[in-house]
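Trainee: From just these sequences and the hints, can you work out the full model?
Protein chains: 2
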Amino acid sequence: MWEPEFLTTRHVIPRSHPRVESLLIRKKLVDGFDSGLVAREGLLAQGRGEAFDYLLGEKTGRPARRAIRAAAATLTLAEFPVISVNGNAAALCAAELVSLSMQAGAKLEVNLFYASKKREQAIVRTLRKCGAQKVLGTSPASSARLQGMDSARRMVDRDGILAADVVVVPLEDGDRTAALKSAGKTVIAFDLNPLSRTAQTAHITIVDNITRAAGLLAADIQKIAGKNAKVLHQIVSEFDNRSNLADSIAQIRGNLARRGGLA
Amino acid sequence: MWEPEFLTTRHVIPRSHPRVESLLIRKKLVDGFDSGLVAREGLLAQGRGEAFDYLLGEKTGRPARRAIRAAAATLTLAEFPVISVNGNAAALCAAELVSLSMQAGAKLEVNLFYASKKREQAIVRTLRKCGAQKVLGTSPASSARLQGMDSARRMVDRDGILAADVVVVPLEDGDRTAALKSAGKTVIAFDLNPLSRTAQTAHITIVDNITRAAGLLAADIQKIAGKNAKVLHQIVSEFDNRSNLADSIAQIRGNLARRGGLA
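Those protein sequence lines, which keep their order, are chains B and C. In the numbering used here, each residue carries its 1-based index in the first sequence increased by 5. In the numbering used here, each residue carries its 1-based index in the second sequence increased by 5.
Watch out, some of these pointers could steer you wrong.
Heads up, the list lumps identical chains together, so a pair's fine if it works in one copy or across two of them.
Only pairs whose alpha carbons sit at most 25 angstroms apart, straight line, appear in this in silico PhoX-like list of lysine-lysine [unchecked claim]:
no.	residue 1	residue 2
1	K32	K134
2	K64	K33
3	K123	K32
4	K134	K235
If you are wondering where the hints come from, they were derived from the structure by calculation, not from laboratory data.
Mentor: In structure tokens, the structure reads:
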């Protein structure tokens, strides 16, 4: 059977390449950069993520599964959940985020670390193309300040993150995660580095590649849709982010030992 | 005392920032991208390196010190050493590489994974500005093929890498490292990922940030300049790359345990 190949700038990625998944994700980011979705710093951030994903074995481990389940219960219980979207998240998995927002009844809000009207619009277009009805975070009229921040990122939408009880932050920086927590939000983060300040600060940290985890989260929400609030509250209260992060770190340590021929 | 601050695109990096070193290195790469030295894929590669450097504790560990010493002895014994330079290496530490080439009596050769005449010329200009007399790898007339490669990177300079007995490869990809080894070259690699194919293939792998290690290597060459060949051969033969890589992996595992609150 003919197997399709994928072109990067000057190279063809054969389907048989041992790292084809990772290379195809990389291509999404580079394409996202070319189309104005992704900042230069976004390419650096993606590289950091790649390294951690490689160390995690490029698969969704048990700690990530547990965090996804707790996040699904939290989102189902939420009154006003919002998903924050930046350039990398849009380039990597716009369709999955739109579908997650529908599944979770959550609003989508564009929020950039390196503010740029042009990039903001490119992200909105990408989300709309994937079926998003409304995207917050672009109207100066409804712009509000998040306390405890000194970057452009303190700006949030008063009809979105400012009013939210639960905020999903894919690929977020530590300062903002801390500010969202201080503002009383329950923070669900996607972060491949279990040691990062975001990972350590969020209430629920999904240490997994968002390209795998966003779809799993939507599926889990569907799965628990029938359960009553008591059961959902129990799922949430049984989840311990700190010990779960320690399990992700153990997962990386185990992979290092195995691949380094130490075990 | 007034302490200088550094501007990234939109942010000021204060001298007091806990990750100031890493952020300043990042800035060098982003500036290198803007000035045409660095490819988009180079930003991703830098991100991967950052993650591993973070896990190594952002310092030159004992395994790196040992590899640097073995590399210094190998370069001192070499008949015809060549340092391969790509865009990231030039953006990160052009001055250190020029000074290393002088200290080691090694030629400099530009070699790009994502071939581009424009980028090649930008790298040559950068090296020249730092005092390089001659930079190989840009003349089509002296271009030759390295066997066992199918990318543009198989092209090497017949007056440089093709004739070299020892090749220093900063930030190299696995295919090329393997091809250089097959061609009978002794390969000294800088690679922050001790599990990478380059790290596992090279004769001597310096698992350290090149911005720290290049200067240390030049200093070690100066230090051992007076020693006779027998002593130098002994330093080389006592070095075991495989067990040294295992020590770097152990260094990362130890940092993960400490920072994850496991130890």
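Trainee: Please flag the earlier hints that this structure goes against, numbers listed from lowest up.
Mentor: 4
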